[in-house]
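Chains as they are written, first to last, in this note's numbering: chain A, 1 to 474; chain B, 1001 to 1474.
Any given hint could be a false lead.
[As the list claims (entries may be wrong)] When the alpha-carbon atoms are kept at most 27 Å apart in a straight line, the in silico DSSO-like pairs for lysine-lysine are as follows: (1) A:Lys298 / A:Lys268; (2) A:Lys396 / A:Lys298; (3) A:Lys247 / A:Lys337; (4) B:Lys1396 / B:Lys1298; (5) B:Lys1395 / A:Lys309; (6) A:Lys247 / B:Lys1309.
[What the hints assert, rightly or not] These stretches of chain A come out as covered by chain B in the derived footprint (C-beta under 8 Å, 3 or more residues): (7) 137-147; (8) 180-193; (9) 228-241; (10) 273-287.
Since the hints were made in silico from the structure, they are not lab data.
Each residue gets a CB set at the ideal place from its N, CA and C atoms; glycine is no exception.
Number of protein chains: 2
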Amino acid sequence: MNQLSPFPTTSEELSNWVTETGKITNSLALKRAKTAFIDTIACILGAADEPVTKKVFEGLRGSGGGLCSVVGRAETLSAENAALVNGTAAHALDFDDNFLPAVTHASAVLVPALLSLGEEVGASCDQLLDAYIVGLEVQAWLGHHMIPVHYAAGWHATSTLGTIGAAAACVRILTLDTSTARSAISLATSMACGSKIQFGSMTKPLHAGLAARAGVTAARLAAAGVEGHAEPFDGPWGFMSLHHATKRSNIPENRELSILKHGLAHKKWPCCASAHRTLDAIYEMIEEHSLSTENIEKIDTIIPESNVKNLRFDNPKTVNEARFSMPFTAATLVCSKNLTLNDFTETTLHRQDVRNFMPRVFMHAAPAQTQEETGIWDIPAVTTILTTNGQRITKKIQQPVGTIHIPLTDEDLELKFLECAGRTLSTEQARQFFDCLQDFEQQNARHVASYLRNIGANRNRSHHQPVPEHKMDF
Amino acid sequence: MNQLSPFPTTSEELSNWVTETGKITNSLALKRAKTAFIDTIACILGAADEPVTKKVFEGLRGSGGGLCSVVGRAETLSAENAALVNGTAAHALDFDDNFLPAVTHASAVLVPALLSLGEEVGASCDQLLDAYIVGLEVQAWLGHHMIPVHYAAGWHATSTLGTIGAAAACVRILTLDTSTARSAISLATSMACGSKIQFGSMTKPLHAGLAARAGVTAARLAAAGVEGHAEPFDGPWGFMSLHHATKRSNIPENRELSILKHGLAHKKWPCCASAHRTLDAIYEMIEEHSLSTENIEKIDTIIPESNVKNLRFDNPKTVNEARFSMPFTAATLVCSKNLTLNDFTETTLHRQDVRNFMPRVFMHAAPAQTQEETGIWDIPAVTTILTTNGQRITKKIQQPVGTIHIPLTDEDLELKFLECAGRTLSTEQARQFFDCLQDFEQQNARHVASYLRNIGANRNRSHHQPVPEHKMDF
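Next comes chain A alone, as it looks inside the complex (with noise of 0.2 Å):
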């Protein structure tokens, strides 16, 4: 089939294009694909020390050794206990990835998928920027039929929709043919599950673990022949309709692969992208007018009512409800002038000088529009600043920073590489790792998942002090 034709409209078509697509050859689209990864390690760096990344590694450490590496621990584990970590280490921080089509967290769910069933396997990383933007194009087919309404229903897309992605990268790591493709995607359909009522717990990232493990147990089940239902979409009992939404008319065909029009959006804020664009348009604003705590007398931010849904902590009381909270994160930012892993600490979490401002942030949903807006980008944001002295300055931000229209420069991505992987790592091993993912396309997934094991293991043995260079080197 067509590379350029990623949306059929059966499940048979829909495997067709999985296993019958050549190789993935667009210069573009592989860069892109090449920084969501990088992106996406950087996260999973960042989040070792979390103490949901910790738990569920605790939990899982009796439960089935294997080959594959987990971050920051030198044991290993099975590729789907090491996809079950790894993504919940990729959304721990809330730092990682949008891919708006499909309003999910790609990349937590595909990248910790196809490094660890990539590792298992021996795949090359070629392989795994081939098979990630295969499962980021079924994310953007569920996307086109499903969203806004599953997503406006309470479903958490990164885990409903992520894990019927993860199972197609996986069909493509493992070559699994047609037919065999068809039954994955079908029992991931089983697999699919997951409400945004858990935004604001550990539950919110672990999501993306679990979308991670599903994505490989179902390719690797049906790699075994377990089948399921040729057409688990369609119907009143199809995914589609029980998961709340209604398929689509057909897509034309010769459209555009979604990574080439929509792209991934990466994080400037470590926190829920509903409040980004109010805190790049809060940014702009101090920094053109010089505003501090001091001059500032409100900030009025006017969201689509989805982002309201999801930012429903105006009081945080844990560090993730605060990822959640829109007074939390602007206050912050103006006290701060910043807004950085460092402020999302139990210690952050009471300044008084936040909690003295919070009272000050005012967030209103927009009116509501047609069904056919994602909630999410479609209607711009809003946001004005009332100062001390009676003036009034509003910004409309229609894409925040991070997206392909306002990207994250290189610099931008290496300075949050580095402060991602600086929690876990020395900042010499931080720019040690940073470097060798430079040429990922060249490497393999068996090299790049020992960096995370021996990390674990380098940490084990220096009491986290610097290694030398050629402990790094494996």
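Following the hints, complete the assembly by docking chain B onto the known chain A.
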């Protein structure tokens, strides 16, 4: 909390009940739980060599070893993976029990999850029985609120509600505290998935295995400290709403345990329960009137609409589809004057006498009545046989054979065990295992589970020949 009040109304009360209820001591409840274990173990043994069981095992054998036994295999797996294989086996023949309050194959999920986790932690079978009842009551609680709407929408309750029940049962085995139990239940809501569209495919039995695995994972991760949203059932994003149900009003205090009021329905016929009352009626009528293919002109059965939908294969093309076919099961019963596991094989699927008779079997949906009907046994099944000499014989049946109203006798259960186990073991071995299970409550999970493994070891050693008795005495 009172042992006879198993229906709390919030997640907090649910987790209180799961963790604070005293050890279940009601002898009838325990007797029924024991019967459920023995009948489910029979189904697991019977399916050791089913294609789906073998394929699931093959898919997982490289994915995490552990301490836990898998039916018919000498190799052991992690508790999760063993639960996945054994759970799939338990449901593979569709001969396992039904639990009407939740419309679930309750035991196909609970028994494998508990056997595997129990084997890992060294639980006594006494503990397994207690945990089984707790898991069952949680399913009943969910069923009270969500059935029939959830099931009618298309969700496979075995997989959805079964997952949450299994998590609660595993919580009980791990003796977690209330707050941890609450997280386990919350985590389970994020893994509770699966559509009835998979009926007739290998993924239907897989659902039982996935639910068993999910129950183990949820309890294990919660035990390690992973937290979920405290009230995952309520509100627009809550589990009930997303899974097509609305929470009902409270249930009166001091309600009987569901296992006492409803019990389990053990299957007389190895096929979808939706056909059972019709099959009971046909069986009785051909016995009473000495009927056979020669003197039956037509069979006409009126059953609830949800039953009709489950039996959607008028012309089954696979053995799995045959289990969900009214014409196939009814015609086989007429032709063979019985319906046993031997009637569901690649050969019997194409029996000419059965295929010739099938067009004489007609099935209609009873007119819809109230929402409160579970759609399973509330409306009677009315079956009429028109004989070739113009006689009309009708039977109206409310409860199928196998429910607590018309239970299988001890002899029926023993014969069923020997029929199932005889597919995997020699007659002598099957008898020996059955005898061993008679004092189930005095044993421990490792001993019982090891039978499943040693069957594998013995089979491998002896090439299916009977082994000396002492070899079975582990």
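Evaluated hints:
1. Restraint check: the Cα-Cα separation between Lys298 (chain A) and Lys268 (chain A) comes to about 24 Å, which is no more than 27 Å; the hinted pair holds.
2. A threshold of 27 Å between alpha carbons decides the hint, and for Lys396 (chain A) with Lys298 (chain A) the separation of about 17 Å falls inside it, so the pair holds.
3. Under the criterion of a C-alpha separation no larger than 27 Å, the hint pairing Lys247 (chain A) with Lys337 (chain A) is inconsistent with the structure, at around 45 Å.
4. For the given pair, Lys1396 (chain B) sits about 17 Å from Lys1298 (chain B) by alpha-carbon distance, which is consistent with the 27 Å threshold.
5. The suggested pairing of Lys1395 (chain B) with Lys309 (chain A) is violated, with an alpha-carbon distance near 55 Å, which exceeds 27 Å.
6. Our distance criterion of 27 Å between C-alpha atoms is met by Lys247 (chain A) and Lys1309 (chain B), whose separation comes to about 22 Å.
7. For the stretch 137-147 of chain A, the assignment as covered by chain B is violated, since 0 residues bring a beta-carbon within under 8 Å of that chain's beta-carbons and 3 are needed.
8. For the stretch 180-193 of chain A, the stated coverage by chain B is satisfied: 7 residues place a CB nearer than 8 Å to a CB of that chain, which reaches the threshold of 3.
9. With 9 residues having a Cβ less than 8 Å from any Cβ of chain B, the stretch 228-241 of chain A passes the three-residue criterion, so the hint holds.
10. Check result for the stretch 273-287 of chain A against chain B: violated, 0 residues qualifying (beta carbon to beta carbon below 8 Å, three or more required).
The structure fails to meet hints 3, 5, 7 and 10 from the earlier list, while all remaining hints are met.
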